[in-house]
Amino acid sequence: DAGVTQSPTHLIKTRGQQVTLRCSPISGHKSVSWYQQVLGQGPQFIFQYYEKEERGRGNFPDRFSARQFPNYSSELNVNALELDDSALYLCASSPVGRAWNGYTFGSGTRLTVV
Amino acid sequence: QQQVKQSPQSLIVQKGGISIINCAYENTAFDYFPWYQQFPGKGPALLIAIRPDVSEKKEGRFTISFNKSAKQFSLHIMDSQPGDSATYFCAASDPTGGSEKLVFGKGTKLTVNP
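Chains Y and S are the protein sequences, given in the same order.
Mapping of the first sequence onto this note's numbering: position 60 corresponds to residue 60, and the numbering continues sequentially without gaps.
Count along the second sequence from 1, then add 114; that gives the number in this note's numbering.
Since the hints were derived computationally from the structure, they do not count as laboratory data.
This one's a predicted model, so the numbers in the text were calculated from it and none came from an experiment.
Warning: the hint list may mix true and false statements.
[What the hints assert, rightly or not] Keeping only pairs whose Cα atoms sit at most 30 Å apart, straight-line, the calculated DSS-like set for lysine-lysine is:
no.: 1; chain 1: S; residue 1: Lys-171; chain 2: Y; residue 2: Lys-30
no.: 2; chain 1: S; residue 1: Lys-129; chain 2: S; residue 2: Lys-119
no.: 3; chain 1: S; residue 1: Lys-156; chain 2: Y; residue 2: Lys-52
no.: 4; chain 1: S; residue 1: Lys-156; chain 2: S; residue 2: Lys-220
no.: 5; chain 1: S; residue 1: Lys-156; chain 2: S; residue 2: Lys-129
no.: 6; chain 1: S; residue 1: Lys-129; chain 2: S; residue 2: Lys-220
no.: 7; chain 1: S; residue 1: Lys-129; chain 2: S; residue 2: Lys-223
no.: 8; chain 1: S; residue 1: Lys-185; chain 2: S; residue 2: Lys-171
no.: 9; chain 1: S; residue 1: Lys-182; chain 2: S; residue 2: Lys-172
no.: 10; chain 1: S; residue 1: Lys-156; chain 2: Y; residue 2: Lys-30
no.: 11; chain 1: Y; residue 1: Lys-13; chain 2: S; residue 2: Lys-182
no.: 12; chain 1: S; residue 1: Lys-171; chain 2: S; residue 2: Lys-220
no.: 13; chain 1: S; residue 1: Lys-172; chain 2: S; residue 2: Lys-129
no.: 14; chain 1: S; residue 1: Lys-182; chain 2: S; residue 2: Lys-223
no.: 15; chain 1: S; residue 1: Lys-156; chain 2: Y; residue 2: Lys-13
no.: 16; chain 1: S; residue 1: Lys-156; chain 2: S; residue 2: Lys-172
no.: 17; chain 1: S; residue 1: Lys-171; chain 2: S; residue 2: Lys-119
no.: 18; chain 1: S; residue 1: Lys-129; chain 2: Y; residue 2: Lys-30
[Unchecked claim] In silico negatives: residues of chain Y with every beta carbon more than 12 Å from chain S:
no.: 19; residue: Pro-8
no.: 20; residue: Ile-12
no.: 21; residue: Gln-18
no.: 22; residue: Gly-28
no.: 23; residue: Phe-45
no.: 24; residue: Asp-62
no.: 25; residue: Ser-65
no.: 26; residue: Ser-73
no.: 27; residue: Glu-82
no.: 28; residue: Val-114
[Unchecked claim] FRET-style restraints, in silico, Cβ to Cβ:
no.: 29; chain 1: S; residue 1: Lys-171; chain 2: Y; residue 2: Val-96; range: 15 to 25 Å
no.: 30; chain 1: Y; residue 1: Gly-28; chain 2: S; residue 2: Asp-193; range: 31 to 41 Å
no.: 31; chain 1: S; residue 1: Arg-165; chain 2: Y; residue 2: Gln-41; range: 40 to 50 Å
no.: 32; chain 1: S; residue 1: Pro-166; chain 2: Y; residue 2: Glu-51; range: 24 to 34 Å
no.: 33; chain 1: Y; residue 1: Glu-51; chain 2: S; residue 2: Asn-227; range: 28 to 38 Å
no.: 34; chain 1: Y; residue 1: Asn-71; chain 2: S; residue 2: Ser-183; range: 37 to 47 Å
no.: 35; chain 1: Y; residue 1: Asn-101; chain 2: S; residue 2: Lys-129; range: 30 to 40 Å
no.: 36; chain 1: Y; residue 1: Gly-16; chain 2: S; residue 2: Ser-179; range: 47 to 57 Å
no.: 37; chain 1: S; residue 1: Gly-212; chain 2: Y; residue 2: Glu-75; range: 33 to 43 Å
Even glycine gets a Cβ: it sits at the ideal position worked out from N, Cα and C.
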């Protein structure tokens, strides 16, 4: 079975540009969460979606937005990129978005802002 | 403020030894406590998890000890192997606000010498 698929794996962008990251959850999983992992730190929660509805949002500026599609895949958009946005962006897939159900992480998208 | 404090930052043990990683939290709303293992270039993978109404959970060589009154929990890796060398994150599930977001510690880089 395919795990959580994220694309692209690596990305280099210039400050001020916009970026879109993509995630395909495990088949049958209806919830997707996004996390930002800065080098040397633990992942930090950005968004959670369940059944195409935003269920929660972390402490990130409005430059960050996301959506979930009818097939449960998801996109994370970041506008007006800043140097501090350089990080590994992780997508976590879950059957119903409950921790006890288990979150499965993808390998992430490494974003570098120069 | 850091909601989940993890120590030590790095740990070196000999093959066959016991690795112990400690975490502490303040928010009594946290209701689920997973540990994740992350290898370079990969996303975090769920290792073992515990609910706050249980004091200990063991799965193979991995054991979580949980002290609800002290708001502390720890991971013990028995008979540590070189293949266990990775970064370990404790986390807590925060159900407030409608989403079950994971709050991570800063991680412990474990090195097991052969």
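(message) Which constraints among the numbered hints does this structure fail? Numbers only, ascending.
(response) 11, 18, 23, 31, 33, 37
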